[in-house]
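A.B. asks: For reference, the chains in residue letters:
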Amino acid sequence: MNDKRPVNLDIRTIQLPITAYVSILHRVSGVALFGVAGLMLWMLDQSLRSEASFDGLKAILASGWCKLVLWAMLSAVAYHLVAGIRHLIMDLGVGETLKGGVLGARLVLIVTAILIALAGVWIWQ
Amino acid sequence: MAVKPVTNLGRSGLSDWLIQRVSAVVIALYTLWLIGYLLSHPDLTYAQWAGLHQYFPMRLFSLLAVLAMAAHAWIGLWAVLTDYVTVRLMGGRATALRVLLQVGMVGALLAYVIWAVDILWRG
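Just so you know, the protein sequences line up as chains W and C, in that order.
Residues 0 to 124 (numbering that gives the first Met the number 0) are what the first sequence spells out, left to right.
Residues 0 to 122 (numbering that gives the first Met the number 0) are what the second sequence spells out, left to right.
Read the hints as simulated data drawn from the structure, not as lab findings.
Given the structure is predicted, the values throughout are model-derived calculations rather than measurements.
Mixed in with the good hints, there may be bad ones.
[Said to hold, decoys possible] For the chain W half of the interface with chain C, some residues (derived, Cβ under 10 angstroms), not all of them:
| id | residue |
| --- | --- |
| 1 | R26 |
| 2 | L32 |
| 3 | F33 |
| 4 | A36 |
| 5 | G37 |
| 6 | W41 |
| 7 | L43 |
| 8 | D44 |
| 9 | R48 |
| 10 | E50 |
| 11 | S52 |
| 12 | L73 |
| 13 | V76 |
| 14 | G83 |
| 15 | D90 |
| 16 | W121 |
Cβ coordinates follow ideal geometry from the N, Cα and C atoms, glycine included.
Go ahead and model the full structure; you've got the sequences and the hints to work with.
C.D. replies: Below, the structure is given as structure tokens:
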């Protein structure tokens, strides 16, 4: 196979539709979740190790910066979950048209924005 | 003769496709259950939390979720790495770098699974 063949897909020169941004964000949030998986396991570890480490984790999570990190983590979870549910719905044949795809992408952004706001209320209430 | 993929999880696109969706459903259910539990226990004590995780069905659910996350991350990161860490986008050393990253990724996932089993079963 000639690997010098021209490739006409340079995403830097293409104006991307909303569906592309929603898809890229799904990837970005997924990679981010892999990145913080160790942190999540550490939190599970601390929460179950002993009563002292459980209270210690609670104290750590009560500090301002940690709340921000927790909110960012929950935001990534919310986005990846909602975008993933859209994928499953599309696998059932719903929202596969051009119009349906755009509508689904908008709904993902709206629903995620609401969930991220609610997560903020949960953390800072 | 077709070249067989060697770094994806299920050895075929179709099985990866299915594993990705089944694992997604398991992770989604676990996430919703855990968030629901935490929301309904605002004054959670260590005794309640530790008791929940000593309950066998909960341990099984947690283990399933961790295994699903490992498989899900393997397939997802494989897709990302084979799309962006390529000779076309990065030049001649991309293949070696990608295989290195893939091996590192699988190693990290294995370590996470072992760590999770240790956390869940030591109590």
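A.B. asks: Taking each numbered hint in turn, which are not upheld by the structure, reported in ascending numerical order?
C.D. replies: none
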